[in-house]
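**Q** Please take these sequences and the hints and turn them into a complete structure.
Next come the chains, spelled out residue by residue.
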Amino acid sequence: MSSDATVARPIAARRVPPLGGFNVTFLGIEVRRLLRNRRTVVFSVVLPVVFYLLFRNPSRRGGSTIEGAHVDAFVMVSLGVYGAIAASTSAGAMVAVERALGWSRQLRVTPLRPLAYMAIKVLTAMVLGALSVVVVFVAGAVTGVSMSASVWILSGLLAWCAALVFASFGVLMGYLLPSENVMQYLGPLTTLAAFFGGVLVPLTVLGATFQNIAQYTPAWGIGQIAHAPLVGSGYSAGAIANLLGWTAAFVLGAALLFRRDTQRV
Amino acid sequence: MATAAVAATGLHKSFGPVRAVDGIDMRIEPGEIVALLGPNGAGKTTTIEMILGLSHPDRGSVAVCGMSPGEAIRQGLVAAVMQTGGLLKDLTVAETVRLTASLFVQTRSVDEAMRRAGIADIADRMVGRCSGGQQQRLRFAMALLPDPELMILDEPTAGMDVQGRREFWTAIRQDADRGGTVLFATHYLEEADAYADRVILLRQGRIVADGTPGEIRGLAAGRTLRAVLPGADRAALAALPGVRSVEIRGDQVLIQATDSDAVARHLLTTTAARDVEITAHNLEDAFIELTADDATSVAVAS
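Chains U and E, in that order, are what the protein sequence lines are. Under numbering that gives the first Met the number 0, think of the first position of the first sequence as 0, with each following residue one higher. Under numbering that gives the first Met the number 0, think of the first position of the second sequence as 0, with each following residue one higher.
It is worth saying that the hints were derived from the structure and are not from the lab. Treat the hints with care, as some may be off.
[Stated by the list, open to error] Here are the in silico distance ranges between beta carbons for each label pair: (1) H55(E) with A148(U): 55 to 61 Å; (2) Y187(E) with P9(U): 30 to 36 Å; (3) L53(U) with H55(E): 18 to 24 Å; (4) V133(U) with V104(E): 54 to 60 Å; (5) L251(U) with R58(E): 30 to 36 Å; (6) P9(U) with T169(E): 24 to 30 Å; (7) G233(U) with S108(E): 54 to 60 Å; (8) G27(U) with G217(E): 34 to 40 Å; (9) R177(E) with V15(U): 55 to 61 Å; (10) D89(E) with L251(U): 26 to 32 Å; (11) V104(E) with Y234(U): 41 to 47 Å; (12) Y187(E) with L34(U): 37 to 43 Å; (13) Q162(E) with V137(U): 52 to 58 Å; (14) V23(U) with G65(E): 28 to 34 Å.
[Claimed, not checked] Anything over 10 Å on all C-beta distances counts as not near chain U; from chain E, calculated: (15) A100; (16) D110; (17) A122; (18) R128; (19) Q133; (20) H186; (21) R222; (22) A235; (23) R243.
[Unchecked claim] Among the chain E residues that face chain U by a calculated CB cut under 10 Å, a handful are: (24) T2; (25) D21; (26) G59; (27) S60; (28) C64; (29) R97; (30) F103; (31) L149.
Beta carbons are placed, not taken as given, at the ideal position from N, Cα and C, and that holds for glycine.
**A** Here you go:
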């Protein structure tokens, strides 16, 4: 045996990575990997633009309004929110795939801490969400939407906030649905949430009953808030409560399932 | 005494009524190459999971490099090649290694790890398009990155062809010759024999033999003599050269011996033994015998 000739080296302690292993190389590779997934890109970046182009109203430029705002601008903000929701949900739900493939387990034999992993997942979702909002807003600018600079920036940022809420939702679903095909469920689910939350269509086209129910669905709060700068309505307490409530629920749910998963033996 | 690479005492782990690991003590010194050999269900993977901190023992404790398994992993002192899965299909080989490297403070270069593992030529291939053997070498490259003190491999060559296995082990030995410790689980007897300095044989969650491959082979390569010998003198028989064990069942004696001729000559010339029967068994037989459900423990000095 050749090891007879080798000299065992004494074991010396080493340093532990800062931030639990969180780093930008990891984040960059994760984002690239997400963008490589054609279904995710179509669903979260292409589809919102296509919806925008379908729903906007080019024939009556300057004429038609929703809640006092130009139709195109209103629809653009709506689909920015929708895009952020779709993008962040699908990105967050990648944990389902990673668990199914045993990748999460592999990461547990590296110095990466569970919280750093979660931070990377959420940030990756936020990056895709930002991309989705930017693409819809660029489409809006190209098709002649005009808003003041502050409204452009503010509604863009607020639409992006939807990603923060729904990244947790995606992670939550990723733990609940341990499947490689988790997006087959989440695609329709997020579209429904956006529809009944008044994000895909103005609530006014729905009946009174639906309008009441809508206020309790997870996309409604952020939809209202993101449109506020454009329609000049201010931020209603109901919308803020809805946003905070659902965010808390999703984060809490995701944290609980995540904890259960990392402690699973 | 220097810090042990692995020091496990009284490990127990049950899954419901199944005692996967039923009292394992083991100490692995730095620089040893140890095979954990046993059939499926002997407790190899469960033992490895506890050493890696992926699962907690019901009873007993394990220290890795003198610290808890989790801390040893965070310091990059331990790296593991798992049995299956654990790879993302939509990353390239190089991206997977680069991502893993980003998690360690002290790491070899990505290129070096890939070269050592023999996957430099497929760096840009998608993991999902790699063969089982290539994926296994990728896992090995990932484990090479931190230049760990202890490398743990769970059935590392499962599903590889003979050539792939040989190449894989050449790479492992090359790395181990630099002084690192290797612990690998296998159910291939030849693999344990060819590549380990020490073999720990597991059966039903317990260690049934622990010794050099030569000693384990010795357990295996002998012959069994069976004879009818009323009133056999157990001590005298056990003292014969090459006798490993003597078992008396009524009028029958069962003698395990490496020099069966000498024992047979003794039995037939100096005792009243009759109906002498000699059966040879090979390594495979011994392995099966040692790990069979009703086998008795065999202790070998290690």
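**Q** Each hint: holds or not?
**A** Hint by hint, here is what the structure shows:
Checked against the given bound of 55 to 61 Å, the beta carbons of H55(E) and A148(U), roughly 57 Å apart, stay inside it. The given range of 30 to 36 Å is respected by Y187(E) and P9(U), whose C-beta atoms sit roughly 32 Å from each other. For the pair L53(U) and H55(E), the beta carbons lie near 55 Å from each other, so the given range of 18 to 24 Å is not met. Taking 54 to 60 Å as the suggested C-beta distance range, the pair V133(U) and V104(E) does not conform, at roughly 35 Å.
The supplied range of 30 to 36 Å is met by L251(U) and R58(E), whose beta-carbon atoms lie about 34 Å from each other. The hinted range of 24 to 30 Å is satisfied by P9(U) and T169(E), whose Cβ atoms lie roughly 27 Å apart. Distance hint check: the CB atoms of G233(U) and S108(E) are about 56 Å apart, consistent with the given range 54 to 60 Å. At about 55 Å, the CB distance of G27(U) to G217(E) disagrees with the hint of 34 to 40 Å.
Between R177(E) and V15(U) the Cβ separation comes to about 23 Å, which falls outside the hinted range of 55 to 61 Å. Separation of D89(E) from L251(U) is about 30 Å and conforms to the stated range, judged on CB atoms against 26 to 32 Å. With their beta carbons about 45 Å apart, V104(E) and Y234(U) fall inside the hinted range of 41 to 47 Å. As the Cβ distance of Y187(E) to L34(U) is approximately 42 Å, the hint placing it in 37 to 43 Å holds.
Taking 52 to 58 Å as the suggested C-beta distance range, the pair Q162(E) and V137(U) conforms, at roughly 54 Å. One distance hint, 28 to 34 Å for the beta-carbon pair V23(U) and G65(E), holds here, with the actual separation near 33 Å. At roughly 8 Å from the closest C-beta of chain U, the C-beta of A100(E) falls inside 10 Å, breaking its exclusion from the interface. Distance check on D110(E): its Cβ is at least 15 Å (rounded) from any Cβ of chain U, clearing the 10 Å threshold; non-interface status holds.
At roughly 14 Å from the closest C-beta of chain U, the C-beta of A122(E) stays outside 10 Å, upholding its exclusion from the interface. With a least beta-carbon separation of about 13 Å from chain U, R128(E) lies farther than 10 Å from that chain, consistent with its non-interface assignment. Once the 10 Å rule is applied to beta carbons, Q133(E) is consistent with being away from chain U; the minimum gap is 16 Å. In this structure H186(E) is separated from chain U by more than 10 Å, as the shortest Cβ-Cβ distance comes to about 20 Å.
For R222(E), the non-interface assignment is confirmed: its Cβ lies about 26 Å from the closest Cβ of chain U, beyond the 10 Å cut-off. Once the 10 Å rule is applied to beta carbons, A235(E) is consistent with being away from chain U; the minimum gap is 37 Å. Its beta-carbon lying about 23 Å from the closest one in chain U, R243(E) satisfies the requirement of being farther than 10 Å from that chain. Because the beta carbon of T2(E) sits about 5 Å from the nearest beta carbon in chain U, less than 10 Å, this interface hint is met.
A hinted interface residue such as D21(E) counts as satisfied when its beta carbon comes closer than 10 Å to some beta carbon of chain U; here the least separation is about 17 Å, so the hint is violated. At its closest, the beta carbon of G59(E) sits 14 Å from a beta carbon of chain U; the interface hint therefore is violated under the 10 Å criterion. The beta carbon of S60(E) comes no nearer than 15 Å to any beta carbon in chain U, farther than 10 Å, and the hint placing it at the interface is violated. Annotation: interface hint on C64(E) holds; nearest CB of chain U at approximately 5 Å, less than 10 Å.
For the restraint placing R97(E) at the interface with chain U, the shortest Cβ-Cβ distance is roughly 7 Å, inside the 10 Å limit, so the hint holds. Hint on F103(E) holds. Least Cβ distance to chain U is approximately 6 Å, under the 10 Å limit. Contact between L149(E) and chain U, as hinted, is supported at the beta carbon level, the nearest pair being about 9 Å apart and thus within 10 Å.
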